[in-house]
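Chemist: In case you want the letters, here they are:
Number of protein chains: 2
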Amino acid sequence: MPRTGESDPQGMVIDRAEQSVPADGWLRRALEAKRDGAALNPSTWQRIVAGYVEGTIDDAPVAALLMASAIRGLKGEEIVALTDAMVRSGDVLEFAGATVVDKHSSGGVGDTVSLIVVPLVAACGVPVAKLSGRALAHTGGTLDKLEAIPGVRTDLTPAAFVAQSERLVPADKKLYALRDRTGTVRSIGLIAASIVSKKIAGGAGAIVFDVKAGRGAFMRTLAEARTLASTLVRLASGFGRRASALVSDMEEPLGAAVGTGIETVEARDFLRGDERDPRLSENVLAVAHEMLRVAGVPVDAVAPRTLDALHSGAAYERFVALIEAQGGSRAALESIAPHPHRAPAIAPARGVVVAIDTVAIGELAREAVAADGDFAGIRIVAHIGTPVAAGDVLAEVAGPSLDPARVAAAFTLGEAAPAARPVVACVVRDADLSRSAK
Amino acid sequence: MPRTGESDPQGMVIDRAEQSVPADGWLRRALEAKRDGAALNPSTWQRIVAGYVEGTIDDAPVAALLMASAIRGLKGEEIVALTDAMVRSGDVLEFAGATVVDKHSSGGVGDTVSLIVVPLVAACGVPVAKLSGRALAHTGGTLDKLEAIPGVRTDLTPAAFVAQSERLVPADKKLYALRDRTGTVRSIGLIAASIVSKKIAGGAGAIVFDVKAGRGAFMRTLAEARTLASTLVRLASGFGRRASALVSDMEEPLGAAVGTGIETVEARDFLRGDERDPRLSENVLAVAHEMLRVAGVPVDAVAPRTLDALHSGAAYERFVALIEAQGGSRAALESIAPHPHRAPAIAPARGVVVAIDTVAIGELAREAVAADGDFAGIRIVAHIGTPVAAGDVLAEVAGPSLDPARVAAAFTLGEAAPAARPVVACVVRDADLSRSAK
Chain A
0 MPRTGESDPQ
10 GMVIDRAEQS
20 VPADGWLRRA
30 LEAKRDGAAL
40 NPSTWQRIVA
50 GYVEGTIDDA
60 PVAALLMASA
70 IRGLKGEEIV
80 ALTDAMVRSG
90 DVLEFAGATV
100 VDKHSSGGVG
110 DTVSLIVVPL
120 VAACGVPVAK
130 LSGRALAHTG
140 GTLDKLEAIP
150 GVRTDLTPAA
160 FVAQSERLVP
170 ADKKLYALRD
180 RTGTVRSIGL
190 IAASIVSKKI
200 AGGAGAIVFD
210 VKAGRGAFMR
220 TLAEARTLAS
230 TLVRLASGFG
240 RRASALVSDM
250 EEPLGAAVGT
260 GIETVEARDF
270 LRGDERDPRL
280 SENVLAVAHE
290 MLRVAGVPVD
300 AVAPRTLDAL
310 HSGAAYERFV
320 ALIEAQGGSR
330 AALESIAPHP
340 HRAPAIAPAR
350 GVVVAIDTVA
360 IGELAREAVA
370 ADGDFAGIRI
380 VAHIGTPVAA
390 GDVLAEVAGP
400 SLDPARVAAA
410 FTLGEAAPAA
420 RPVVACVVRD
430 ADLSRSAK
Chain B
0 MPRTGESDPQ
10 GMVIDRAEQS
20 VPADGWLRRA
30 LEAKRDGAAL
40 NPSTWQRIVA
50 GYVEGTIDDA
60 PVAALLMASA
70 IRGLKGEEIV
80 ALTDAMVRSG
90 DVLEFAGATV
100 VDKHSSGGVG
110 DTVSLIVVPL
120 VAACGVPVAK
130 LSGRALAHTG
140 GTLDKLEAIP
150 GVRTDLTPAA
160 FVAQSERLVP
170 ADKKLYALRD
180 RTGTVRSIGL
190 IAASIVSKKI
200 AGGAGAIVFD
210 VKAGRGAFMR
220 TLAEARTLAS
230 TLVRLASGFG
240 RRASALVSDM
250 EEPLGAAVGT
260 GIETVEARDF
270 LRGDERDPRL
280 SENVLAVAHE
290 MLRVAGVPVD
300 AVAPRTLDAL
310 HSGAAYERFV
320 ALIEAQGGSR
330 AALESIAPHP
340 HRAPAIAPAR
350 GVVVAIDTVA
360 IGELAREAVA
370 ADGDFAGIRI
380 VAHIGTPVAA
390 GDVLAEVAGP
400 SLDPARVAAA
410 FTLGEAAPAA
420 RPVVACVVRD
430 ADLSRSAK
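Going down the list, the sequences are from chains A and B.
Residue numbers for the first sequence, in numbering that gives the first Met the number 0: 0 to 437.
Residue numbers for the second sequence, in numbering that gives the first Met the number 0: 0 to 437.
Nothing false has been slipped in among the hints.
Some but not every residue of chain B turned toward chain A, in silico, with C-beta under 8 Å:
#1 31
#2 34
#3 58
#4 69
#5 70
Since the hints were derived computationally from the structure, they do not count as laboratory data.
It should be emphasised that the depicted structure is a prediction, and the values quoted were computed from it without experimental measurement.
Backbone N, C-alpha and C fix where the C-beta goes; we use that ideal spot for every residue, glycine too.
With these hints in hand, go ahead and build the complete structure from the sequences.
Modeler: See below:
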């Protein structure tokens, strides 16, 4: 509300708060340097991360630094310094004995690769560590999928172990929460530091990254995904870890099943040999092969050993053992099935599937799970490139709550099939590894 | 400290904190848009500023927004929206009667213009409002200079008035403190919004901005200063205020005196007609002329009226009245003089003054004041372009504590005089004003 001010007879209005002497300091100079596009030196990154975790630096300057980093980008040596500072913020695990291989996926829809590949690689005699997470946005989480099996409780993991994992990279927990609030999640450098710091602190001796690219992934374009893949491999190599990164397709759901428990069913069926979706199969084998490579398995033995573990049933037995260790049973695993209420999502016209709104599919599947339980969800029948007639089934909805028409609306039909996309667009290997592999 | 971790027999390490479902929201989307270089709409700026002042939005997202704004820049309509939101955050003064003219300087060294121009313009019959500040970094503050006069206490300003000024633009106080901590002070859009919001809320009907450019100013280059000048004029015009902006030189101290009380002495001597530094005079007259113009004084009357106020002693009498209103007296004003201890800063060799480290001069003068009181400081004798012989006086130090050699070190001597720089590089006027002035 405008009000009439008292006018100073001498024409001076005093504003005591207008100016204050700013505290000059290294932190502000660092922020100004990053704002103007300069690279910060390692000791500055170390000081900022340590101060933030200790609480001597508050959210505001770090939020500004994250935004400047997201816009200006981080140079390779800055990502190394940030990652190193993050690793030093907490405990670092070391596994005695053979190299432990870790696998990271940047997250996708219908992405059952982790569930399958961990027992598969373990069955090949390679020690596997996998930091598993909960569902994030429209993508599923491996823990949720495991817990869909009756009796499985991932919180049965030894308390000491859980406590330990909570002491790994506390800087990442704090920084990720801040990035989430400040629009700075999408930054190659910050993403790479977050991912790799946890792998290093978690004791991984070798790492395979599965970077998803496409409309269902956090990286929308192949170019972006390739940049992240190279950044991850270079960064892990810089810490002396053998590493590979795949760029794999997420223009559409990877496998057939999208949900929680129904993805576990798909993983079980895949491992048991009942049904192997070809796209899922290509991704699983590519990841498993890289995991064996970085673990030091001779290159000629990689493919045969993987196939043998799969076909002999060893991988499936390893999966059963994993379930049992978490409180589940073979019988429970074998009993699980998609929700019995099924309804088809129908093609409204003749055409070819040219696009699938993968984020929508992921979100609809999560709605179905929330309404009808773990075994509700969506089963993709017509992948991109599939010709359909009016009335053909595009997908199958499991569970009574989700309207199949909403699922059908996520499919775009066109005249001609789009160019085929490989499931695995490329593999980035660290230089040493590619030399030794030849 | 690396420690040996317990290895999970099944190869799954659970990291419960790895992923959390992020809260999706308008604010994060706004931050992402600004990060990617988009313009935010007025309602978004309004919502952010209001939320920040109310405390429903905390420092972190605002710090990130400020950094994104500093790097990406703000479009004209965004600056208007931000300024409007800032004005709305507090009270708005309105002066009854004639248009009140306000004057803003972006701050410099030896910049006595405000002290001189306020009584000068008031003596021309134009009501003047001036929001005055304290010293900032290496630059002096008008309040400090006034209080150097014995008896003058600017806090004698009516309590109601002080309380009122504290309710003006609370958003600016909060945002400026955050900018200061996050390396985001230097941003044309944020600077313009900060300056103009206070002028609008303070009831200014017309505004003259004196934007300093050069090594002693916050704007280092003429181009930067010109951009700020145009932005300020466009912004003020957008709020219906008549406005002009000068870009004036700050490659070296403006007048001769640099300090606190010795600048007041210079202002007194200028107004009384004892001594008028030609550079200071040029700047004072340019500012006074623009203030009269924007107040609606007919263009032909501007220069004569100003000179008359100066030469008749009316401006000086107005200055005395101002001092008296703040608790001082004519006798006190007439008694003030530089600290009696004087020492020359000597040219070490023959040459021409080609540069003066103006920030250093400002900082040394503040040191002298801190050590020896208000009337210590530096008097510039050799401005840029002055030829000197070895042993000639470059400057005079008032007060015993400051080593004159440190002052001499701020002068760079060269072979040839650099190209002359005008004191006022340009004047930017709003379109309506320039039309009506022709």
